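K.L.:
Start from the sequences and build out the full structure, keeping to the hints where you can.
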Amino acid sequence: MSALNKKASSAIVAVSDIERARRFYSDTLGLELNEEGMEGVLVYKTGATHLVVYPSEFAGTNKANAIVWDCGADIDAIAADLRAKDVKFEHYEMNGVTYKDGVHDAGGFKMVWFKDPDGNILHLNSA
1 MSALNKKASS AIVAVSDIER ARRFYSDTLG LELNEEGMEG VLVYKTGATH LVVYPSEFAG
61 TNKANAIVWD CGADIDAIAA DLRAKDVKFE HYEMNGVTYK DGVHDAGGFK MVWFKDPDGN
121 ILHLNSA
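Residue numbers for the sequence shown follow full-length UniProt numbering, beginning at 1 and rising by one.
Just so you know, these hints were derived from the structure itself, not from any lab.
In this text, all values refer to a predicted model and were calculated from it rather than measured experimentally.
Among the hints, erroneous ones may be present.
[As the list claims (entries may be wrong)] Cross-link-like lysine-lysine pairs, in silico, DSS-like; alpha carbons within 25 Å at most: (1) LYS6 to LYS45; (2) LYS63 to LYS88; (3) LYS63 to LYS100; (4) LYS115 to LYS45; (5) LYS100 to LYS88; (6) LYS100 to LYS115; (7) LYS7 to LYS45; (8) LYS85 to LYS115.
[Claimed, not checked] DEER-style ranges, computed between Cβ atoms: (9) LEU4 to LYS63: 23 to 29 Å; (10) ALA84 to LYS7: 34 to 40 Å; (11) LYS7 to ASN34: 23 to 29 Å; (12) ASN65 to ALA3: 25 to 31 Å; (13) LYS115 to ASN34: 19 to 25 Å; (14) GLY96 to ASP27: 33 to 39 Å; (15) GLU57 to ALA84: 30 to 36 Å; (16) LYS85 to ASP105: 18 to 24 Å; (17) ALA127 to ALA80: 29 to 35 Å; (18) SER26 to ALA3: 31 to 37 Å; (19) LYS45 to LYS85: 15 to 21 Å; (20) LYS88 to LYS7: 34 to 40 Å.
Ideal Cβ positions, reconstructed from N, Cα and C, are used throughout, including at glycine.
P.N.:
What follows is the structure, given as structure tokens:
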């Protein structure tokens with residue numbers, strides 16, 4: 001029996017320095033630390049789900065999106081807040097997509113990419 005479609009899931013991201021990650025995810029991103037686990041594991045509340053941040057020697061080796069947040073109409077305000085905290089945004093060239101102030105706009109669908117201190121790619125979109 002496979003009932004995973006009825007189970008909650010969480011994002012999980014590897015970091016090399018848990019205290020640096022704590023400052024980034026707590027202070028820069030403003031996430032609420034929900035619990036601290038064994039060996040420095042941090043669990044953040046993100047909407048109805050959780051983000052698990054854990055120390056690993058393989059931190060930052062993923063070359064694709066590690067985490068995505070659906071931000072809806074708040075995406076521009078969230079991007080502005082991150083920009084004010086000196087978060088550096090990624091800029092990807094895509095046909096038919098404009099780019100301004102860290103936000104890619106594909107005909108009203110907006111997307112933002114940036115990296116955590118380990119180089120994990122974090123993504124926001126207006127879904």
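K.L.:
Hey, LYS115 versus LYS45, does the alpha-carbon distance stay inside 25 Å?
P.N.:
This hinted pair holds, its Cα atoms lying about 19 Å apart.
K.L.:
Tell me if the straight-line CA distance from LYS63 to LYS88 falls inside 25 Å.
P.N.:
17 Å, holds
K.L.:
ALA127 and ALA80, beta-carbon distance inside 29 to 35 Å?
P.N.:
Because 19 Å falls outside the window, the suggested range is violated.
K.L.:
Between LYS85 and LYS115, is the straight-line Cα distance small enough, at 25 Å or below?
P.N.:
13 Å, holds
K.L.:
That 23 to 29 Å hint for LEU4 and LYS63 (C-beta), does it hold up?
P.N.:
Since LEU4 and LYS63 have Cβ atoms about 26 Å apart, the given range 23 to 29 Å holds.
K.L.:
Could you check the hint for me, namely that ASN65 and ALA3 are 25 to 31 Å apart, CB to CB?
P.N.:
Roughly 26 Å apart at Cβ, these two residues keep to the hinted range, so it holds.
K.L.:
Looking only at beta-carbon atoms, does the pair LYS7, ASN34 fall within the given range of 23 to 29 Å?
P.N.:
18 Å, violated
K.L.:
When you take the CB atoms of SER26 and ALA3, is the distance between them in 31 to 37 Å?
P.N.:
34 Å, holds
K.L.:
Do the beta carbons of LYS88 and LYS7 sit within 34 to 40 Å of each other?
P.N.:
Once the Cβ atoms are compared, 35 Å apart, the range 34 to 40 Å for LYS7 and LYS88 holds.
K.L.:
Given a hint of 30 to 36 Å, does the C-beta separation of GLU57 and ALA84 actually sit inside it?
P.N.:
33 Å, holds
K.L.:
Is the hinted range of 19 to 25 Å satisfied by the C-beta distance from LYS115 to ASN34?
P.N.:
Cβ of LYS115 to Cβ of ASN34: about 23 Å, so the range 19 to 25 Å holds.
K.L.:
Given the hint that LYS6 pairs with LYS45, test it: the Cα-Cα distance must not exceed 25 Å.
P.N.:
It holds: about 20 Å lies between the C-alpha atoms, which stays within 25 Å.
In the structure shown, a violation is registered for the earlier hints numbered 11, 17, in ascending order.
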